[in-house]
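In the order they appear, the protein sequences are chains W and L. Per our numbering, the first sequence starts with residue 1, numbered consecutively. Per our numbering, the second sequence starts with residue 1001, numbered consecutively.
Heads up, some of the hints might be wrong.
[Claimed, not checked] Listed below are the simulated SDA-like cross-link pairs for lysine to any residue, each with C-alpha atoms no more than 20 Å apart in a straight line:
{"no.": "1", "chain 1": "W", "residue 1": "LYS172", "chain 2": "W", "residue 2": "ILE211"}
{"no.": "2", "chain 1": "W", "residue 1": "LYS149", "chain 2": "L", "residue 2": "LYS1133"}
{"no.": "3", "chain 1": "W", "residue 1": "LYS56", "chain 2": "L", "residue 2": "MET1050"}
{"no.": "4", "chain 1": "W", "residue 1": "LYS157", "chain 2": "L", "residue 2": "SER1158"}
{"no.": "5", "chain 1": "W", "residue 1": "LYS58", "chain 2": "L", "residue 2": "THR1054"}
{"no.": "6", "chain 1": "W", "residue 1": "LYS149", "chain 2": "L", "residue 2": "LYS1092"}
{"no.": "7", "chain 1": "L", "residue 1": "LYS1069", "chain 2": "W", "residue 2": "PRO61"}
{"no.": "8", "chain 1": "W", "residue 1": "LYS58", "chain 2": "W", "residue 2": "THR69"}
{"no.": "9", "chain 1": "L", "residue 1": "LYS1203", "chain 2": "L", "residue 2": "ASN1025"}
{"no.": "10", "chain 1": "W", "residue 1": "LYS149", "chain 2": "L", "residue 2": "LYS1129"}
Keep in mind the hints are simulated off the structure, nothing from the lab.
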Amino acid sequence: MNFEAKINKFIEILIDYKGYVKVIEGLENTLKIAILGLVIGIVIGTLIATVRVIPKYKTLPRVLNSICTFYVGFFRGTPMVVQLLLFYYVALPLMGINLPSVSVAIAVFGLNSGAYISEIMRSGIQSVDYGQTEGGRSVGLSFATTMMKIVIPQAVKNILPTLGNEFIVLIKETSIVSFIGAADLYVAFNYIGSNSYEFMVPYLAMAIIYIVIVCIITVLIKFMERSLKKSDRRN
Amino acid sequence: MIDVIDLKKSFGKVDVLKGIDIKINKGDVVVVIGPSGSGKSTFLRCLNCMEDPTGGQIIFNGVDIADPKVNINIHRRRIGMVFQHFNLFNNKTVIQNIMLSPVLCALSDRRKAIIRNIFSKKKEPVRSKDEIKKTEKENAMKLLARIGLEDKANAYPSTLSGGQKQRVAIVRSLAMNPDVILFDEPTSALDPEMVGEVLEVMKELAKSGMTMVIVTHEMGFAKEVGSRIVFIDEGVIKEENNPKDFFDNPQDPRLKEFLSKVLI
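Throw the hints in and build the complete structure from the sequences for me.
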């Protein structure tokens, strides 16, 4: 079969055999898992990073800190596929919970990226001059308020490029969720391929879709960076 | 107003403060001088528990704030602080810098008042959020007018000169209506040209009766504005006197040596 015929076959399955429904569903799941995972990850990561920079001469921060160390150690120490399988086939059945695979994927992606983002966020918080914290505390703000209103906004500005990186990694990493039976882009194009016994064009199309998504995200991040640079002299 | 009793502070094995006793009354302008490494900055930072004291008491308005069980944030509202490196919030405009804490504190007081109103028959008046923001904004503009920087209200700190930043930092601490303001070498990071404008604001504050504790190397300013001068060396107060006797007739040998080097 020459290349033109392969493309025609691909288009035929995509349109006539409702392949596009699968693709749209896959795209939707991919974006859902990556975006919600990132949001959960940012929340968890910010909390962990904050715990890690609390002064540690009291018991509670110390206990929290060791919990966070364990958490980060676990999620950075095992592959995401293993975590997906562990959650879907071990942890949730043991707890007697039955969740759709996409929800499990969102949760695992959130927990996993939380571990990575916590380290990114910690470096961001530490890049903000300690004087900012002192300034906030000196006017009577609590540690938490100082973090939330003054330090973390400045930290986020500093780590935005790295955070964008993490988002891109997440988008691409979604291609492993088929391990627990969630239908993402890979599943969609694999379906088209196996129906035509012809994988060249479907996988090429899949790659192009990923590249397009990542390009869009890159532009969005650039845009956000620029609008956050307002308070900088160098803009 | 502030009663410091046997204040001690050590960093690890290094004893920086070895027992400081001083009484700061309302309206006092206490100027703290001393060689570098003597513990004068540490002493000042202990007064609002920026550094937690390792021993002794700091009685502020009748409460020992050195006690770790005390909610220090409530008391820090009444103790302003001005830093060597300004420490203005870089992500906020000048006016937001000044308003931030007053508004947040008023909002948290408002929440508490609303909760109290639920449980008691006597209803206390509760201001609306907009009202709080409006009054604090007016107050902030008034303060900015006082230092002649109304036109910079919406500028970010990174666009201000050092002197302007320090003046904004001073009114930021003033916005909380503090009982006392602590100054930690407020002019040491400034260009010589800008020192004057900051000292001018501080002089005016002193004249208005504000209680101030100032760590500085500006001896002329200390002499002119201080109501009491304190010399700290090796973690203890070596000499404490009124400005005239302090500079004209120093007793402590270390102070004599220090003054002979500083006053050329």
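So, going through the hints one by one against the coordinates:
1. W/LYS172 x W/ILE211: holds, 10 Å
2. W/LYS149 x L/LYS1133: holds, 16 Å
3. W/LYS56 x L/MET1050: holds, 15 Å
4. W/LYS157 x L/SER1158: holds, 15 Å
5. W/LYS58 x L/THR1054: holds, 15 Å
6. W/LYS149 x L/LYS1092: Answer holds: W/LYS149 to L/LYS1092 is near 9 Å, not above 20 Å.
7. L/LYS1069 x W/PRO61: holds, 16 Å
8. W/LYS58 x W/THR69: Roughly 17 Å between the alpha carbons, so the hint for W/LYS58 and W/THR69 holds.
9. L/LYS1203 x L/ASN1025: Holds, at about 18 Å.
10. W/LYS149 x L/LYS1129: Measuring from Cα to Cα gives roughly 18 Å; hence the hint holds.
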